[in-house]
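Enquirer: From first to last, the protein sequence lines stand for chains E, L, X and Y.
Throughout the first sequence, residue numbering follows numbering that gives the first Met the number 0, covering 0 to 408 in sequence.
Throughout the second sequence, residue numbering follows numbering that gives the first Met the number 0, covering 0 to 445 in sequence.
Throughout the third sequence, residue numbering follows numbering that gives the first Met the number 0, covering 0 to 342 in sequence.
Throughout the fourth sequence, residue numbering follows numbering that gives the first Met the number 0, covering 0 to 252 in sequence.
If you're looking for bench data, these hints aren't it; they were derived computationally from the structure.
Among the clues, some could well be false.
Straight-line alpha carbon distances no greater than 27 angstroms define the calculated DSS-like cross-link-like pairs of lysine-lysine that follow [to be verified]: (1) LYS191/Y x LYS105/Y; (2) LYS140/Y x LYS127/Y; (3) LYS140/Y x LYS6/E; (4) LYS140/Y x LYS105/Y; (5) LYS404/L x LYS67/X; (6) LYS404/L x LYS166/X; (7) LYS236/Y x LYS245/E; (8) LYS78/X x LYS329/L; (9) LYS194/Y x LYS105/Y; (10) LYS236/Y x LYS6/Y; (11) LYS54/X x LYS334/L; (12) LYS231/L x LYS280/L; (13) LYS67/X x LYS334/L; (14) LYS76/X x LYS329/L; (15) LYS153/Y x LYS127/X; (16) LYS307/L x LYS166/X; (17) LYS196/Y x LYS105/Y; (18) LYS381/E x LYS6/E; (19) LYS127/X x LYS307/L; (20) LYS166/X x LYS78/X.
These stretches of chain X come out as covered by chain L in the derived footprint (C-beta under 8 angstroms, 3 or more residues) [what the hints assert, rightly or not]: (21) 10 to 20; (22) 148 to 155.
We put the CB at the ideal spot given by N, CA and C, even for glycine.
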Amino acid sequence: MFGLNKKDSSFLLIVIALTIATPILLQPFAEGSELAQFNGGYPDLMQKIAIFGIFAVGFNILFGLTGYLSFGHAAFLGIGSYAAVWMMKLLTMNVIPAILLAMLVSGLFAAAIGYVSLRRSGIYFSILTLAFAQMSYKMAYSVLTPLTNGETGLQLALDDPRILDGAVEGSSLPVTNIFGLAMNSSYKLEALGRVFTFNVGYYFCAFIAILAFYVAIRLFRSPFGMMLRAVKSNQQRMTYTGLDPKPYTLAAFVISGMYAGLAGGLLAAMDPLAGADRMLWTASGEVVIMTILGGAGTLMGPVLGAGVIKYLENIFSKINESVLHGWFHWLPDGVEDVVIWIFARFTGEGWHLTLGVTFMLVVTFLPGGLIEGLRRLSKRIKHGSQKRDKYDDPDPEHRPGPGKRVAGE
Amino acid sequence: MSKTDLTRRTVLRTGAVAGAGLALPTIFTSGARAFTNEPMGGTVTLGFNVPQSGAYADEGADELRAYQLAVEHLNGEGDGGMLNTFSSKVLEGNGIMGHKVEYVTGDTQTKSDAARASAKSMIEKDGAVMITGGSSSGVAIAVQGLCQEAGVIFMSGLTHSNDTTGKDKKANGFRHFFNAYMSGAALAPVLAARYGADRKAYHLTADYTWGWTQEESIAAATEALGWETVNKVRTPLGAGDFSSYITPVLQTDADVLILNHYGGDMVNSLTNAVQFGLREKMVNGKNFEIVVPLFSRLMARGAGENIKGILGSTNWHWSLTDEGSQAFVKSFGTKYGFPPSQAAHTCYVQTLLYADAVARAGSFNPCAVVEALEGFEFDGLGNGPTLYRAEDHQCFKDVLVVRGKENPTSEFDLLEVVEVTPASQVTYAPDHPMFAGGALGACNAG
Amino acid sequence: METILLQLLNGLDKGSAYALIALGLTLIFGTLGVVNFAHGAIFMIGAFCAVTLSKLLNLSFETIDPEKLDFLGNPAKVKTPYVEAWFGPEFGHALIDWSVPLAILFSIPIMIAVGFAMERGLIKHFYKRPHADQILVTFGLAIVLQEIIKYFYGANPISTPAPDAFKGSFDFGAMLGFDPNMIIYPYWRLIYFGFAAVVIGAVFSFLQFTTFGMVVRAGMADRETVGLLGINIDRRFTIMFGLASAVAGVAGVMYAPILSPNYHMGMDFLVLCFVVVVVGGMGSLPGAVAAGFLLGILESFSSMNAVKSVLPGIDQIIIYVVAIVILLTRPRGLMGKKGVMED
Amino acid sequence: MGILEVKGVGKRFGGLQALGDVNLSIEENTVHAIIGPNGAGKSTLLNCLVGKLIPDEGSVTFAGTSVLGRKPHEINQLGISRVFQTPEIFGDLTVMENMMIPCFAKRDGAFRMHAIESIEEEAELIAKAEAMLADVGMLEKREMIASSMSRGDKRRLEIAMCLVQEPKLLLLDEPTAGMARADTNNTIALLKEIKEKRDITIAIIEHDMHVVFSLADRITVLAQGTPLVEDTPDNIKGNPKVKEAYLGETQQV
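Using the sequences plus the hints, can you model the full thing?
Expert: Structure, rendered in structure tokens:
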């Protein structure tokens, strides 16, 4: 099916089904119940998970396959966003041209930055990409303000030309759309004591994400993907097999930069604002962490990592002490205070602590990331708790190997 | 592969149905509601979007305390605080128009993206009908834009840039806090009176939009009184060590250093300037002076002794003796054990003003609220008689010129009010060039 | 001329801070091969050792003074630090005043303990793991450490002044025959520079002249061989981790009067110091120190008005520009060794 | 005229003359061994042939084309494959994938952006790789992860990877170094079999005289960076110069 083998096809179908059902799956708790706080089925979060899933999948094409750890990938996300918002300011609010331009521009930047950075490997490569991204961030924040609107971020304005759309009617800003269908329109369904929101923007993101995911599967399974894994595994052997690793890594870098640009463009399509913060090193670090957390080199891992981090960020940061009080009011007073105090350290303003602890626990106990955890779980359900051999893993995905060799000079 | 195709088409069709069902596309649509998140049932939800991580987390925490206090007072708990001194008396301590006030909180992280994501989740998930908070102008402008599009009211927290009610003003957004122009207009006469009219000023400015608007405002106001601006130097945000920007000041004949910095940058640049002996310096036969146009008491603590005698401006200070301020300090201090910051004050006031506007308008509809707030004159909220100007949704009120206190009596007693500049002196025309370039647009009710 | 001299001094000062943090980082990088994203947090904890000591010395008992009123109009509580009550106001005050230099003594055992605990409790399990895993776990650790500090001390910077004796400035101009008051430099910054030089010198001689240092240097060059020789290299590496933490910690203590500590200062320095270490060359201690000073000085010069008027914003990106240029012209940084961390 | 002609090659590292005036001609379809004591310059010479090092002087021609200044992957594309002292394989990949990579390299050249094709559709290449694996007796291990195999198997795989490219010249750098006697004998047998089955030139650098004398048609003895003698194995055995060169080495040790 579509050039995928049977296993991959069913895998893709499951992913598609999950994506379509996300607005329902992320809304497991009844409205008004104490646990409704944990519901994540609102458009913004679902869009973010899909978009950062794309970003992480793209990053994984570079990092998971070739082993080159870029610490400046957020620059392409930011550049994509700026390009997309400019397209919306100048040409049209239709998101298609904006997203195409975002991919194109970040692809060009990726080609230039990658060409230079890929002359070094290992940590030297990481620092080069980091340096380029930090430069972009600093410039966007200050001297490039006419182009980026600095701290505030690039926004739409009523007096933008928007050549294709013509003059704005009324005095409110136009909304992003795809051939007239607004991104922010939603269909709400109240059923089973829950409100399910089916949002055009989310399904648009989800469609693109599935497309991006499909392309990634094809790429993982292609000779090209195999070559990229060869780069990670042993560049010396690759060279002496008559292959030039450089164009392969550069192509991977550009593809992954374009994924980042696509994600940036989608961010702008969902919410037409492009801020310099998107290019900060912590944002680059975030995608690295999403990928490792989920499982580098696996197909689904990065998406899972992106979902977990965005969920923690958006849901845990909103659990304040009054919410906690709502949960634990049935406890005796003294105990309640203690319990609330403990929980408050990990939620609300303490949500970063949850993040940090999650990182440490996952990487210590699940070396392959969350996906490894899922695998162990399904193994245990299937076969009881019998010990698993390292290589009898039926999963079609590539497993990250222990180490890699680099050609000597 | 027909199955996936089918599924995709289904998705598109669902979308099309949803889209076709709407006359005007909005973030939120629900047939039953007249406007975004119209409160149903006996409660109304407000969204408090404050920095909980990053450099401004302490200000965010103080804002949150103020919001919680405001909610208590609106719901008729506690001692009522400034509700008792507020000139408008429509609020009865029964929530807002009988709807009990509930709130949700979120973390802006002082990043536009995170702030918008947090505000969106409040609107989309929690049904907040008003968003308020923030401790930087970039975030305020970004969230204000979002609220305009979503059709909810935005009552900004601490934002000092001219742009918030200047070129980026929005019909659904309101600012109680003062701005850079007002700082300049209030400070300049005091500076001229104390330091003389023939001063040479050297600006160090945080290199982003807020810094630039303050630099522009202060330079214009001081130049109008005869000062000369020797140099304006941009410093990177979060530079840490400012020594390489401070030392060049030594070689100029400037006799005043103006630090257009906020937060950690302000603390560090001021500490560095004092370390380099600038305050003991004599130039042109005059004492060298340092000015910090925007003071924040919370931040000033980080600079310790170095703020003593430094002039600046602030929106409000807990040592004010008017009835409203005292009532607020009393209820805040009793609840938390320390006096509120200016950020806390402005956030508390904004919440009350919103509630009051809803009550007066008799509706939560943003457009009704906008109408009720525009041109609203009030008193008793700590800043004297105040006007919410209709043209730009900026509050006009007295501005405090303050100075770092020489002999503080407690760890909170860091600033003393030097002068209360009357509102008339800091008022400007709505089309003032520093505020030009934007339009309020029409209110959006979603 | 004065400008250049002053910016050179500024650069040396900034460079000392970069060099000290980078020195600790490169010890961990070079000896243990661990990408330690928690190193900035260690620096931060060092700075908070100074804050903590000053808080401890300021521990006070309260007496109610009926004549004064607090902000709510109640009788004010007057605080008297215990040390002033115990040792007399004068000596007590001096003790409080000298809290930063005292904090060096206070911080060294603490930082070594923190380093040991980190290495034994966590990092040791990650020596053979990919660098990406090391990044994730140390980043997580850095967040946890930050949040702990934030819980106790809040997010705002905390003023931690130098002793009164070191306030004021030294007039180089007068000494060198320029106009007085043109080239002055704060005493504390001069002390910081001197302190950095001493610490760097101590670390180098420690590695150069002690048997322990020789083994560690051999271990940096070839870990397996030294392991085969029957030397317990792992324990020595633990000690190295403690040493690196102590170096970063005292760097933080001494920097506190220059930069009021806050809970995220470590992250602000982290990226910069990774750049410094890599520009210096992986696994090279002299490289890290040289790169620290080089970048500090260049950063200072690029913030001169004359430079900025030609290249606006250059001071924001100079470090990254230099890093790129150096890494492209010298593949392993200034003094890097072949094969270290290239995979 | 041999398939590989080395003329007057010299290479210095700082003050050390690693190679000086090396002349060597490897005849097509022979097994040519290069031996010599430690530090004689064997590895340096090999690295000069494959493009890892560029000689300071002299010329290296392969099948009439100069290889000087060409990158290693370009030289490989000319038809030179190299087997390393420690097997260099793609450890993270399966045996079959290890085989497929040289197949693609042979067909598509140094770079091709075949990102959308599927490996599974390349029936022809798969057949070729499987045939080669069968030749070296590893077909049943096709799905194993390469790094998990024994050293002998890794060596076999590496040789198979080189052979599937159908090189004109196969360079072997101490192929039996560190192997047990049994493994060594297996490798010798494998190499002999390879040589019998196809037209291929093999150049082998080796320490183990047993290996050299069982395989080589001609032997070049290298000492202190220059060829001492070049002759048939039988003549080399009794050559006093060679003895002296090796004796010198033993004295050093």
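Enquirer: None of the hints should be skipped; say for each whether it holds.
Expert: The hints, checked one at a time:
Taking the CA atoms of LYS191/Y and LYS105/Y, the gap is near 24 angstroms; set against the 27 angstroms cutoff, the hint holds. Restraint check for LYS140/Y and LYS127/Y: the C-alpha separation of about 16 angstroms stays at or below 27 angstroms, so the hint holds. The suggested pairing of LYS140/Y with LYS6/E holds, with an alpha-carbon distance near 22 angstroms, which does not exceed 27 angstroms. Annotation: proposed proximity of LYS140/Y to LYS105/Y holds, straight-line Cα distance about 23 angstroms (limit 27 angstroms).
Proposed proximity of LYS404/L and LYS67/X is supported: the alpha carbons are some 17 angstroms apart, at most 27 angstroms. A hinted pair counts as satisfied when its Cα atoms are at most 27 angstroms apart, and LYS404/L with LYS166/X qualifies at roughly 20 angstroms. The suggested pairing of LYS236/Y with LYS245/E is violated, with an alpha-carbon distance near 46 angstroms, which exceeds 27 angstroms. Between the alpha carbons of LYS78/X and LYS329/L the distance comes to roughly 22 angstroms, so the proposed pair stays at or under 27 angstroms and holds.
For the hint pairing LYS194/Y with LYS105/Y, the CA-to-CA distance comes to about 20 angstroms; that is within 27 angstroms, so the pair holds. With a CA separation close to 26 angstroms, the supplied pair LYS236/Y and LYS6/Y stays within the 27 angstroms bound. Of the supplied pair hints, the one linking LYS54/X and LYS334/L holds, its CA atoms being roughly 25 angstroms apart against a limit of 27 angstroms. As the CA atoms of LYS231/L and LYS280/L are separated by approximately 20 angstroms, the hinted pair is consistent with the 27 angstroms bound.
This hinted pair checks out: LYS67/X and LYS334/L have alpha carbons roughly 21 angstroms apart, not beyond 27 angstroms. Restraint check for LYS76/X and LYS329/L: the C-alpha separation of about 17 angstroms stays at or below 27 angstroms, so the hint holds. In summary, the hint linking LYS153/Y to LYS127/X is supported, as the alpha carbons are separated by about 23 angstroms, within the 27 angstroms threshold. Annotation: proposed proximity of LYS307/L to LYS166/X holds, straight-line Cα distance about 15 angstroms (limit 27 angstroms).
Restraint check for LYS196/Y and LYS105/Y: satisfied, since their Cα atoms lie roughly 20 angstroms apart, inside the 27 angstroms limit. Taking the CA atoms of LYS381/E and LYS6/E, the gap is about 18 angstroms. The hint holds against a cut of 27 angstroms. A hinted pair counts as satisfied when its Cα atoms are at most 27 angstroms apart, and LYS127/X with LYS307/L does not qualify at roughly 54 angstroms. Between LYS166/X and LYS78/X, the direct Cα distance comes to roughly 26 angstroms. Compliance with the 27 angstroms bound is thereby established for this hinted pair.
For the region 10 to 20 of chain X, the assignment as covered by chain L holds, since 4 residues bring a beta-carbon within under 8 angstroms of that chain's beta-carbons and 3 suffice. Check on the region 148 to 155 of chain X: 4 of its residues sit with their Cβ under 8 angstroms from a Cβ of chain L, so the three-residue criterion for coverage holds.
Hint violations for this structure: numbers 7, 19, all remaining hints satisfied.
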